[in-house]
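Residue numbers (my numbering), protein chains in the order written: chain H, 1 to 258; chain F, 1 to 397; chain D, 1 to 365.
Since the hints were made in silico from the structure, they are not lab data.
Treat each hint with caution, since some may be false.
Rough simulated footprint, nothing fancy, chain F against chain H, three-plus residues with beta-carbon under 8 Å [to be verified]:
#: 1; segment: 85-98
#: 2; segment: 102-116
Quick list of simulated restraints, FRET-style, between CB atoms [claimed, not checked]:
#: 3; chain 1: D; residue 1: I110; chain 2: H; residue 2: P185; range: 52 to 60 Å
#: 4; chain 1: H; residue 1: Q73; chain 2: D; residue 2: I48; range: 41 to 49 Å
#: 5; chain 1: F; residue 1: C101; chain 2: D; residue 2: Y261; range: 45 to 53 Å
#: 6; chain 1: D; residue 1: P8; chain 2: H; residue 2: Q73; range: 53 to 61 Å
#: 7; chain 1: F; residue 1: I108; chain 2: H; residue 2: T82; range: 31 to 39 Å
#: 8; chain 1: D; residue 1: L106; chain 2: F; residue 2: E133; range: 34 to 42 Å
#: 9; chain 1: D; residue 1: Y261; chain 2: F; residue 2: R391; range: 44 to 52 Å
#: 10; chain 1: D; residue 1: I134; chain 2: F; residue 2: R391; range: 32 to 40 Å
#: 11; chain 1: D; residue 1: N117; chain 2: F; residue 2: Y41; range: 52 to 60 Å
In this text, all values refer to a predicted model and were calculated from it rather than measured experimentally.
All C-beta atoms, glycine included, are put in the ideal place defined by N, C-alpha and C.
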Amino acid sequence: MQNTAPQETTETQKAGIIQMIGVHKWYGEFHVLKDINLLVDQGERIVICGPSGSGKSTLIRCINRLEEHQQGQIIVDSVELTSDLKHIEQIRREVGMCFQHFNLFPHLTVLENLTLAPIWVRKVPKAEAEEIGMKYLERVKIPDQAQKFPGQLSGGQQQRVAIARSLCMNPNIMLFDEPTSALDPEMIKEVLDTMIELAETGMTMICVTHEMGFAKTVANRVIFMDEGQIVEENEPNEFFDNPQHERTKLFLSQILAH
Amino acid sequence: MSDQADKAGTTVAKPPPWNDPFVRSIFFQVVAIGLLGYFFYSIFDNTLSNMAKSGVSTGFAFLTREAGFGILMSLIEYDETHTYGRTFFVGLLNTAIVAFCGIILATILGFVIGIARLSNNWLVSKLATVYIEIIRNIPLLLQIIFWSVAVLQALPDPQNSIKYGESFFLNNRGLFLPKPIFEDGFGLVTIAFLVAIAAIVYIKRWARQRQEQSGDQFPVFLTSVALITGLPLLVFLAMGMPISWEYSALERFSFVGGSNIIPEFMALLWALTMYTAAFIAEIVRSGIQAVSHGQTEAARALGLRNGPTLRLVIIPQAMRVIIPPLTSQYLNLTKNSSLATAIGYPDLVSVFMGTTLNQTGQAVEIVAMTMAVYLTFSLGISAIMNWYNKRVALVER
Amino acid sequence: MSDFQPHPDLAPPASTVGVIGWLRVNLFSSPMNTLLTLVGLFIIYSLIVPALDWAIFSASWVGTDKNACSHDGACWVFVGQRLDFFIYGFYPKAEYWRINVVFVLLALLIIPQMIENAPYKGYLGWFFLIGFPIIAGILLLGGIFGLEPVPTDKWGGLALTLVISFVGIVAALPIGILLALGRRSEMPVIRTMCVVFIELWRGVPLISVLFMASVMLPLFLPEGTNFNKLLRALIGITMFQSAYMAEVIRGGLQAIPKGQYEAAAALGLGYWKSMGLIILPQALKLVIPGIVNTFIALFKDTTLVLIIGLFDVLQTVASAIVDPAWPEVSTEGFIFAAFVFWVFCFTMSRYSIALERKLHTGHQR
Ligand SMILES: Nc1ncnc2c1ncn2[C@@H]1O[C@H](COP(=O)(O)OP(=O)(O)O)[C@@H](O)[C@H]1O
Ligand SMILES: [Mg+2]
């Protein structure tokens, strides 16, 4: 493996592959993340839910530094996120991310989308990169679409390409920001199935989603956020059957009502 | 039952001809052709009789007659004894040179300002905005006349030139530069330059192949820059600098020798560049902004650095948006160069549609020839644009 | 069951907000950025500061002749003294009031168009396009109602610039609509004619159109028909402008969804009725920003008439600066003219942007 992260004791890696300690973030005057403390172990699968605007996206975008935090510590794979560009690059190679709107590159074919980062970041020979690309396309079950452009695919297929694109970089951690909320109902399942398969390989996953079925089958832990804070976290059955806070209960009743 | 089937199967009842859309449409078109034909016929008739009255013979015979007037600037050999036909080419080339230089300079300046407008440096972005908002809301003709009259004519006379060393002189007759004189051996420098270009093409291919096989990347851009400057320079030094300069020198009241850029050219080029750059800057800005922020974020999340993100993700998408309006700015610049007339720069309109027309009175022929030049250029560019758009569209979907 | 206690909002770290935070983010976020800031400051110091000093702080504002001007700054006295000429051209002084009435009327008609929910906006708009040109024409030309006739070769200055651009846009509008409809016609002959007409005018520079109008138009007409320079220029400009107008309107027609055409047909409306009642009202509304933009271009292009010898603002300035009574005032003259054009064009472009934004949100809802 081409893991270049400094090798510290394996125990700390296993215990906290992602550590967020007292993280605060502001957008200008607006206090968007308040005192976030979160430890994620290797292989853990975490689902984050909460009302719109509660800071879920901001939280996971801090993990690969698409957003900058102003206070506290974020340590990913034993590397602390600071403004040091080397560290940021290193972490972005280790952490894959899927967006709500896929963000595939429309001017490149599906296969080119997949090989872009391996070629330019990992410096893999083209033929090898294409091999890797095809391997992951097979894994998300659309190898026959390799030469098409993203615009020619359905939403569900596009999101699966986006997942494959992240996997091509061989990440240790995958972040998902509402991967199914821009999709039609019949396509949600195909994406969720892909994610469940991924979970079965033992990938560390943090997933913002309101798909409660997915949370119940896959997650080790569910985290509920409101107003920029973690209100409560629990293992899924306990979380759904026996919420600790009034706020959580209200939220769950709204989610399950429709 | 059989009756109905019969009706449906064979013919639909025909409407009366004046209600039949097909007949109507034929009728309108015939009328339109008739009106147009009559229009052109009467114009033609009037023109012929008007020209006969004033004693001007029609036709293109005048093009072979001696022109008898001088032209301020010419890229080809020309003096009073050449023909009217040649004045056409002198003007055409003068238009071409100013448009060509203008397009290159305006593109560079426009991209710089457009990117500055998007800079996250507040001051730089505000300065770019101020430039754009001032320049594009003032008529180009005013700007051309301003630079020509208020700035260049206000320069000192040749005796009091603004100097840079003893080789560059700026005065109200224009800019005087040393003229290079190539000696034996300079040919080798040119060859070295060509060799460098060939090498770059080869290295680019080689680097791509190597990348595909081993994954290693090669700094193609830096190597290219080094090659294209270094190789000719080395040969140049090795040959003992086979070049000498003919300097301009003040003799009595004017400069002789060297090369001269006339002030009309400078004013026109300067104004065209500034004006068009303001529009190009806006095109560049909106092109870059048209690429959604999600694209940058996706590239970042994959670990791409700023350079490759720009080169591989942002620019290819932005260029699709930028290029069509950019070419129409190039067309505008070329058409706008005809404002040269106002300051006496001898472009096509000024020389041919101005002086030649005045001397010969061949209005119809001359206006038609001049317009044909611009039309050919416009239609040619649009054809290329259509081809480009189709190609880009093909690559995308 | 415990209750969720929201964490109080804290103030952000001092270094990221306020003046210091703003400076850090916007001017000094990286070494490169700091360098750019310094370059920007240098540009301001070496170009903008001296320019402002010349134009405002060291300028001479009051007086009656060149002796009132110092040499350190701009001589605005010159502009003040020749202002009448720049605005009215050679129009007889005793008749200035007629131009003033037209100016006031113009302003009174434009202002309600800029205000949202102004009453009678539609009627005023039609009056603006049809009634106003007639009244303005009578006032400016004279010759009836006891008004002394003023020939068009006495017209000039800002008044002439406004006349040319107004006539250019108002006359080009109906022709542009017809051309745009023609270009989308299903009759190949009509369509070809419109395409050729539009592409021909758009392909050549305006200056060649003006040359053509001034030297070729007299040749085209039967002998003895003779009309003045201004009218010839106006015909040329209208032809040129209508081609551009047609393309703007065609954009609007294309933006109307096909369902609208089908709905109009389904109601039993014929071609002209469905265009006039359903399609055009929607399309024209969509293209108002585009029309304003072509108007801005036309307004700037009116300066070209000086090449065929008309006295627009720029030409009045260009002829005033060579007056030996006022040496070395060319920069002041051009800057004044530039300022006049800038004010008009900038205002219109802001208006067009605001309209576009409004249309945009209107469509999303
Ligand atoms: N770039 C930004 N600038 C300012 N405010 C932002 C920005 N991005 C998000 N916000 C605000 O931060 C809050 C949290 O946003 P987000 O993390 O996207 O919420 P969620 O994903 O939970 O819906 C929202 O109130 C949003 O308006
Ligand atoms: Mg979100």
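- Are at least 3 residues of the segment 102-116 of chain H within less than 8 Å of chain F when you compare beta carbons? holds (count 6)
- Message: Range first: 53 to 61 Å. Now tell me if the beta carbons of P8 of chain D and Q73 of chain H are that far apart.
- Response: violated (22 Å)
- Evaluate the given range 32 to 40 Å for the C-beta pair formed by I134 of chain D and R391 of chain F. Given a distance of about 52 Å, which is not inside 32 to 40 Å, the answer is violated.
- Message: The hint says 45 to 53 Å between C101 of chain F and Y261 of chain D; measuring C-beta to C-beta, is that right?
- Response: Because 48 Å falls inside the window, the suggested range holds.
- Could you say whether the range 31 to 39 Å given as a hint is met by the Cβ separation of I108 of chain F and T82 of chain H? holds (38 Å)
- Message: For the segment 85-98 of chain H, count the residues whose Cβ lies under 8 Å from any Cβ of chain F; is that count three or more?
- Response: Our answer is that it holds, as 6 residues pass the Cβ test (under 8 Å) against chain F, meeting three.
- Between I110 of chain D and P185 of chain H, is the Cβ distance one that fits in 52 to 60 Å? holds (53 Å)
- Is 34 to 42 Å right for how far apart the beta carbons of L106 of chain D and E133 of chain F are? violated (25 Å)
- Message: Does the beta carbon distance between Q73 of chain H and I48 of chain D stay inside 41 to 49 Å, or does it fall outside?
- Response: Check passed, 45 Å falls within 41 to 49 Å.
- Message: If I claimed the Cβ atoms of N117 of chain D and Y41 of chain F lie 52 to 60 Å apart, would that claim hold in this structure?
- Response: Holds, since N117 of chain D and Y41 of chain F (Cβ atoms, about 54 Å apart) stay within the stated range.
- Outcome of range test on Cβ distance (Y261 of chain D, R391 of chain F; 44 to 52 Å): violated (32 Å)
Checked against the numbered hints given earlier, this structure breaks hints 6, 8, 9, 10; the rest are met.
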